[in-house]
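**Q** Work the whole structure out from these sequences, hints included.
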Amino acid sequence: MRILAIVIVLLIQGCVSMDKESEGARFEMNEKPSNGQALAYFFQPDMAGVWGCLLVGVDDVHKGCIGYPGFAKVEIEPGSRKISFTPNALIKIANLSYNYDFESNKVYYFEYQHFTSKAESKRAVESHYNMLLDYHLGWVLLEESEAINKLKTLKAWQ
Numbered sequence: 012m013r014i015l016a017i018v019i020v021l022l023i024q025g026c027v028s029m030d031k032e033s034e035g036a037r038f039e040m041n042e043k044p045s046n047g048q049a050l051a052y053f054f055q056p057d058m059a060g061v062w063g064c065l066l067v068g069v070d071d072v073h074k075g076c077i078g079y080p081g082f083a084k085v086e087i088e089p090g091s092r093k094i095s096f097t098p099n100a101l102i103k104i105a106n107l108s109y110n111y112d113f114e115s116n117k118v119y120y121f122e123y124q125h126f127t128s129k130a131e132s133k134r135a136v137e138s139h140y141n142m143l144l145d146y147h148l149g150w151v152l153l154e155e156s157e158a159i160n161k162l163k164t165l166k167a168w169q
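Residue numbers (the numbering used here): 12 to 169.
Rather than coming from a laboratory, the hints here were simulated on the basis of the structure.
The C-beta atom is built at its ideal place from N, Cα and C for all residues, glycine as well.
One or more hints might be untrue.
[What the hints assert, rightly or not] Below are the DSSO-like pairs computed for lysine-lysine, each with C-alpha atoms no more than 30 Å apart in a straight line:
| id | residue 1 | residue 2 |
| --- | --- | --- |
| 1 | K117 | K166 |
| 2 | K84 | K129 |
| 3 | K43 | K129 |
[Stated by the list, open to error] Estimated spans, in silico, between C-beta atoms of each pair:
| id | residue 1 | residue 2 | range |
| --- | --- | --- | --- |
| 4 | N116 | D57 | 11 to 21 Å |
| 5 | N116 | H73 | 19 to 29 Å |
| 6 | H73 | V136 | 15 to 25 Å |
| 7 | N141 | P89 | 24 to 34 Å |
| 8 | Y146 | S45 | 34 to 44 Å |
| 9 | D145 | N116 | 34 to 44 Å |
| 10 | K163 | R134 | 37 to 47 Å |
| 11 | A130 | E88 | 11 to 21 Å |
| 12 | S128 | S108 | 20 to 30 Å |
| 13 | E88 | E154 | 36 to 46 Å |
| 14 | E155 | S45 | 31 to 41 Å |
| 15 | S45 | S128 | 33 to 43 Å |
| 16 | E114 | H73 | 20 to 30 Å |
| 17 | K93 | N141 | 14 to 24 Å |
**A** This is the structure in structure tokens:
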């Protein structure tokens, strides 16, 4: 029954495919924000059986798309902003959002991570529990050196 529920959720979200990864440009290091903006990289690892992209919203406006695996580079106005993530599917339901205070001329690196326990998810900026899959997922702010190591193997969504 649990497997059937997972398959139905994935089909509704429009995420089941054999496509493997983003096909856009590879990550390039040392990009800086322009004109007093903040620059944020949102990235995620490969997720078996998932394709398409995850729309990144800033104050309810879609600004980019993250592939599986892949990243999105988004320039953001400084200040407190609502960041949201929505599967690019027929039914567009935001699956996680959080508020974050961005500073001008600063670069941020947020990675979507899988956690094996609720305690481990405490390091996330925001996390949620996936009842169907029985684990926690969340967005973690990484230090630049760790993020660049992970990003250098990823591509943008095309």
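**Q** Run every hint past the structure and note whether it holds.
**A** Hints, verified against the model:
1. K117 to K166: At roughly 22 Å apart (the allowed maximum being 30 Å), K166 and K117 satisfy the hint.
2. K84 to K129: holds (29 Å)
3. K43 to K129: violated (35 Å)
4. N116 to D57: 11 to 21 Å: violated (32 Å)
5. N116 to H73: 19 to 29 Å: holds (24 Å)
6. H73 to V136: 15 to 25 Å: About 20 Å separates the Cβ atoms of H73 and V136, which means 15 to 25 Å holds.
7. N141 to P89: 24 to 34 Å: Distance hint for N141, P89 holds at roughly 33 Å.
8. Y146 to S45: 34 to 44 Å: For S45 against Y146, whose Cβ atoms are near 38 Å apart, the range 34 to 44 Å holds.
9. D145 to N116: 34 to 44 Å: holds (41 Å)
10. K163 to R134: 37 to 47 Å: Because 23 Å falls outside the window, the suggested range is violated.
11. A130 to E88: 11 to 21 Å: violated (34 Å)
12. S128 to S108: 20 to 30 Å: holds (23 Å)
13. E88 to E154: 36 to 46 Å: violated (24 Å)
14. E155 to S45: 31 to 41 Å: With Cβ atoms ~18 Å apart, the hint is violated.
15. S45 to S128: 33 to 43 Å: With Cβ atoms ~40 Å apart, the hint holds.
16. E114 to H73: 20 to 30 Å: Holds, since E114 and H73 (Cβ atoms, about 23 Å apart) stay within the stated range.
17. K93 to N141: 14 to 24 Å: holds (22 Å)
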